[in-house]
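There are 2 protein chains.
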Amino acid sequence: MTKRVYNFSAGPAVLPVEVLEEARENLLSLGDTGVGIMEHSHRGKAFVAVYEEAVSLCRELAAIPDNYHVLFLQGGASSQFFMLPMNFLPKEGTADYLVTGSWAKKAVTEAQRFGNVHVAGSSQDRNFCYIPSDCAYSDDAIYTHYTSNNTIFGTQFATVPDVACKSLVCDMSSDIFSRPIDVSKYGVIYAGAQKNLGPSGVTLVIIRDDLVQQGPTDIPTMLQYRTHADNDSMFNTPPTFGIYIMGLIFKWIKARGGLAAVGEQNRDKAGKLYAYLDQSRLFNGTADLESRSQMNVTFVTGDADLDAKFISQSEAAGFSGLKGHRSVGGMRASLYNAFPVDGVDALIEFMQRFEAEQG
Amino acid sequence: MTKRVYNFSAGPAVLPVEVLEEARENLLSLGDTGVGIMEHSHRGKAFVAVYEEAVSLCRELAAIPDNYHVLFLQGGASSQFFMLPMNFLPKEGTADYLVTGSWAKKAVTEAQRFGNVHVAGSSQDRNFCYIPSDCAYSDDAIYTHYTSNNTIFGTQFATVPDVACKSLVCDMSSDIFSRPIDVSKYGVIYAGAQKNLGPSGVTLVIIRDDLVQQGPTDIPTMLQYRTHADNDSMFNTPPTFGIYIMGLIFKWIKARGGLAAVGEQNRDKAGKLYAYLDQSRLFNGTADLESRSQMNVTFVTGDADLDAKFISQSEAAGFSGLKGHRSVGGMRASLYNAFPVDGVDALIEFMQRFEAEQG
Ligand SMILES: Cc1ncc(COP(=O)(O)O)c(C=O)c1O
Ligand SMILES: Cc1ncc(COP(=O)(O)O)c(C=O)c1O
Ligand SMILES: [Mg+2]
Ligand SMILES: [Mg+2]
Ligand SMILES: [Mg+2]
Ligand SMILES: [Mg+2]
Chain L
1 MTKRVYNFSA GPAVLPVEVL EEARENLLSL GDTGVGIMEH SHRGKAFVAV YEEAVSLCRE
61 LAAIPDNYHV LFLQGGASSQ FFMLPMNFLP KEGTADYLVT GSWAKKAVTE AQRFGNVHVA
121 GSSQDRNFCY IPSDCAYSDD AIYTHYTSNN TIFGTQFATV PDVACKSLVC DMSSDIFSRP
181 IDVSKYGVIY AGAQKNLGPS GVTLVIIRDD LVQQGPTDIP TMLQYRTHAD NDSMFNTPPT
241 FGIYIMGLIF KWIKARGGLA AVGEQNRDKA GKLYAYLDQS RLFNGTADLE SRSQMNVTFV
301 TGDADLDAKF ISQSEAAGFS GLKGHRSVGG MRASLYNAFP VDGVDALIEF MQRFEAEQG
Chain A
1 MTKRVYNFSA GPAVLPVEVL EEARENLLSL GDTGVGIMEH SHRGKAFVAV YEEAVSLCRE
61 LAAIPDNYHV LFLQGGASSQ FFMLPMNFLP KEGTADYLVT GSWAKKAVTE AQRFGNVHVA
121 GSSQDRNFCY IPSDCAYSDD AIYTHYTSNN TIFGTQFATV PDVACKSLVC DMSSDIFSRP
181 IDVSKYGVIY AGAQKNLGPS GVTLVIIRDD LVQQGPTDIP TMLQYRTHAD NDSMFNTPPT
241 FGIYIMGLIF KWIKARGGLA AVGEQNRDKA GKLYAYLDQS RLFNGTADLE SRSQMNVTFV
301 TGDADLDAKF ISQSEAAGFS GLKGHRSVGG MRASLYNAFP VDGVDALIEF MQRFEAEQG
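Here the protein sequences line up with chains L and A, keeping their order. Sequential numbering of the first sequence, starting at 1, is according to UniProt numbering. Sequential numbering of the second sequence, starting at 1, is according to UniProt numbering.
Some hints here could point you the wrong way.
Said to hold, decoys possible - Straight-line Cα separation of at most 27 Å, DSS-like style, residue types lysine-lysine; simulated pairs: (1) Lys-185(A) to Lys-272(A); (2) Lys-3(A) to Lys-272(A); (3) Lys-91(L) to Lys-45(L); (4) Lys-106(A) to Lys-45(L); (5) Lys-106(L) to Lys-45(L); (6) Lys-272(L) to Lys-185(L); (7) Lys-106(L) to Lys-45(A); (8) Lys-91(A) to Lys-45(L); (9) Lys-45(L) to Lys-251(L); (10) Lys-45(A) to Lys-309(L); (11) Lys-91(A) to Lys-91(L); (12) Lys-185(A) to Lys-254(A); (13) Lys-45(L) to Lys-272(L); (14) Lys-45(L) to Lys-309(A); (15) Lys-105(A) to Lys-185(A); (16) Lys-3(L) to Lys-45(A); (17) Lys-309(A) to Lys-3(A); (18) Lys-106(A) to Lys-185(A); (19) Lys-185(L) to Lys-254(L); (20) Lys-3(L) to Lys-45(L).
Unchecked claim - Per the computed footprint, the stretches of chain L lying under chain A, defined by three or more beta-carbons under 8 Å from a beta-carbon of chain A, are: (21) 74-82; (22) 234-244.
What the hints assert, rightly or not - Simulated restraints, written as ranges between beta carbons of each label pair: (23) Gly-257(A) to Ala-255(L): 42 to 50 Å; (24) Asp-140(A) to Val-48(L): 43 to 51 Å; (25) Val-341(L) to Ser-184(A): 55 to 63 Å; (26) Pro-65(A) to Val-119(L): 42 to 50 Å; (27) Val-48(L) to Glu-21(A): 24 to 32 Å; (28) Asp-125(L) to Asp-140(A): 48 to 56 Å.
Calculated directly from the structure, the hints in this document are not laboratory data. Please read all numbers here as calculations on a predicted model, not as lab measurements. Don't be surprised by glycine CBs; every beta carbon is placed ideally from N, CA and C.
All chains, full assembly: derive it from the sequences and hints.
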């Protein structure tokens with residue numbers, strides 16, 4: 001079989017080999033059912049067991065309180081950008097948003113179609129290279145929305161923002177289950193699966209029951225959280241294969257020791273690369289120190305041509321996906337849960353060699 | 001490896017073994033990329049090639065004219081139920097709907113949230129066991145919506161309804177690419193993948209460009225067809241694995257001779273089972289003769305207990321998914337493209353034995 005390369009893609013992203021191998025074994029027959037995992041009816045015993053295990057592992061890993069629903073939706077995190085205000089933000093109401101990157105901005109754009117958005121904090125003044133600390137929240141925000149990890153800009157909230165608003169909403173697309181989560185602090189948590197949880201095409205939504213109950217009934221059935229909460233994510237055909245893979249990932253995280261253990265592994269992994277960046281004279285991180293992401297490490301040489309040369313040589317050397325997003329330029333090493341620590345070691349070694357060659 | 005059983009599930013449904021085998025080979029590395037198919041960035045060269053081949057095979061198979069877009073969306077066919085009226089049906093406008101089953105009714109429910117629905121034809125009077133022929137269309141319908149194959153009730157339109165309305169819209173979820181399609185007759189064709197085209201979690205939408213252009217810009221970005229048409233279905237992260245499998249299925253259909261050849265194979269396959277039902281004294285089809293579906297063959301013994309006994313014995317004998325939907329009762333054999341003809345032969349033999357045993 002072809003040797004796997006180190007895949008630094010920001011998403012869809014590297015998945016654990018063990019998970020891929022288990023999926024491979026079940027493509028033509030899930031266990032001894034004689035029916036492949038993708039071919040099982042979502043209403044049949046075999047898939048319902050897959051679904052139930054995924055939900056129960058999810059609840060166990062994040063210690064999700066009973067008054068929260070675990071939903072598997074479609075449409076990506078981008079669909080949550082509008083579903084949230086469509087369900088919760090009335091025309092005259094105000095929601096607070098922390099604008100810490102491009103995705104947060106897109107969430108604002110969609111919310112503004114429905115009600116008032118108050119930008120309680122922003123780091124746009126310095127191209128989103130930091131997490132703002134002095135935020136000015138509204139007194140009467142219906143919810144407060146933030147993006148825990150800014151995939152493009154390599155910044156991450158180190159702690160949960162301290163808000164008075166009872167419904168904190170978080171886009172955790174790029175750091176969900178990379179560290180412990182105190183779910184009870186949130187009204188809604190959502191994440192597209194394609195970074196830490198599986199393939200693209202399934203979105204994990206963890207939502208408090210009082211919000212589900214509050215939602216309107218006069219919007220399309222598929223866009224009401226109630227619909228999915230009342231039907232165990234099976235009002236219509238759910239993305240069964242994605243849910244299956246997410247369940248395998250949950251099992252894999254549990255086997256690694258759960259969220260606290262995985263959180264430490266991630267800190268160590270990213271820490272190595274940041275330590276190298278800090279002592280390197282050629283490479284520098286783009287995010288402010290205290291705002292650095294454990295998931296997406298963004299860095300530059302300061303010379304766009306040299307960046308391009310580095311990226312092209314890294315690809316030839318078997319490092320995939322290191323090109324940074326155009327909004328930042330330079331390089332981005334996405335180090336999600338499944339990214340192996342030896343890949344970080346190999347990258348650092350490669351960067352050292354490249355640095356030495358530049359003389 | 002576990003022997004595969006005959007899977008009559010209505011969806012998610014049986015997929016071609018050749019497709020599953022190819023997918024299995026590419027789970028840990030797509031070709032020689034060293035990155036598994038689910039792990040490739042949707043913006044990278046490797047996945048863009050997968051996407052482009054899927055679109056081009058789709059266009060080739062159905063001879064899709066240039067003024068139509070091929071989109072891969074999320075949210076299932078159920079999301080099209082509301083996206084269509086949200087985009088095209090103004091409050092004062094009227095859309096015609098043919099009500100030939102539960103899915104058609106759900107489409108009506110969602111459309112009524114936006115504008116007027118005129119039911120131009122219905123077969124609800126006889127529990128949807130036929131396709132209505134005497135339909136009364138509005139003069140000014142903005143679009144006319146119908147469901148080409150009624151998965152639950154085992155009925156299918158033999159031909160395209162002859163409507164004056166320039167925008168015929170069809171939910172082809174359960175018979176897409178099972179026979180030739182004259183795309184030029186339609187404004188929009190949509191189908192959840194999970195019957196004839198792949199895993200659940202991706203919806204194929206074929207839409208005429210003038211409709212895309214007409215759509216409003218003041219609804220959520222993700223709900224505008226324009227967004228997806230303008231961005232080659234990559235405004236946000238598309239369901240990459242589902243698109244990959246769909247592409248493999250298109251390739252498989254092409255290898256079997258294309259839609260005309262597959263259409264004949266399907267007619268022969270279903271024809272065998274219908275021929276048996278017609279001569280059987282125990283089993284009878286539930287749909288009117290001229291309305292019978294080539295995809296979902298619904299039948300009963302007329303005795304619910306005997307139906308239950310048959311279903312339970314069939315499961316023990318390795319036939320999976322024959323239980324009919326509760327709205328019809330009895331049995332349903334879904335015979336999508338990928339269902340093998342020897343499975344039909346085996347089922348008929350089993351039914352004959354069962355019938356003989358009843359004395
Ligand atoms: C933080 C964040 N939010 C939202 C999105 C958009 O997610 P999706 O493509 O699933 O709509 C991304 C995707 O990369 C992301 O990183
Ligand atoms: C004809 C038809 N339309 C729509 C649907 C709903 O599709 P989805 O589950 O993808 O929303 C189905 C599902 O079985 C169907 O058979
Ligand atoms: Mg960002
Ligand atoms: Mg440095
Ligand atoms: Mg039906
Ligand atoms: Mg008969």
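query: Taken at face value, is the distance from the CA of Lys-45(L) to the CA of Lys-106(L) at most 27 Å?
result: Violated, because 40 Å separates the two Cα atoms, which is more than 27 Å.
message: Given the hint of 55 to 63 Å, is the C-beta distance from Val-341(L) to Ser-184(A) inside that range or not?
response: holds (56 Å)
field: Proposed proximity, Lys-45(L) with Lys-106(A) (alpha carbon, max 27 Å)
entry: Cα-Cα ~26 Å, so holds.
- prompt: Is the straight-line distance between the alpha-carbon of Lys-105(A) and that of Lys-185(A) 27 Å or less?
  reply: It holds: about 23 Å lies between the C-alpha atoms, which stays within 27 Å.
message: Next pair to validate is Lys-185(A) with Lys-272(A); report whether the Cα-Cα distance is within 27 Å.
response: violated (31 Å)
Pairwise hint evaluation, Lys-45(L) against Lys-91(A), where the allowed Cα distance is 27 Å at most: Roughly 43 Å between the alpha carbons, so the hint for Lys-91(A) and Lys-45(L) is violated.
task: Using the Cβ atoms, figure out if Asp-125(L) sits within 48 to 56 Å of Asp-140(A).
output: Because 53 Å falls inside the window, the suggested range holds.
Restraint check for Lys-45(L) with Lys-272(L), where alpha carbons must lie at most 27 Å apart: violated (46 Å)
task: Compare the distance between the alpha carbons of Lys-45(L) and Lys-309(A) with 27 Å, and conclude whether the hinted pair is satisfied.
output: Distance ~19 Å between Lys-45(L) and Lys-309(A) Cα, so the pair holds.
- prompt: Between Lys-106(L) and Lys-45(A), is the straight-line Cα distance small enough, at 27 Å or below?
  reply: holds (26 Å)
query: Has the given pair, Lys-309(A) with Lys-3(A), been kept, meaning a C-alpha gap of at most 27 Å?
result: holds (24 Å)
Hint consistency between Lys-185(L) and Lys-254(L) [alpha-carbon to alpha-carbon, up to 27 Å]: The hint holds at about 22 Å.
In the structure shown, a violation is registered for the earlier hints numbered 1, 3, 5, 6, 8, 13, 20, in ascending order.
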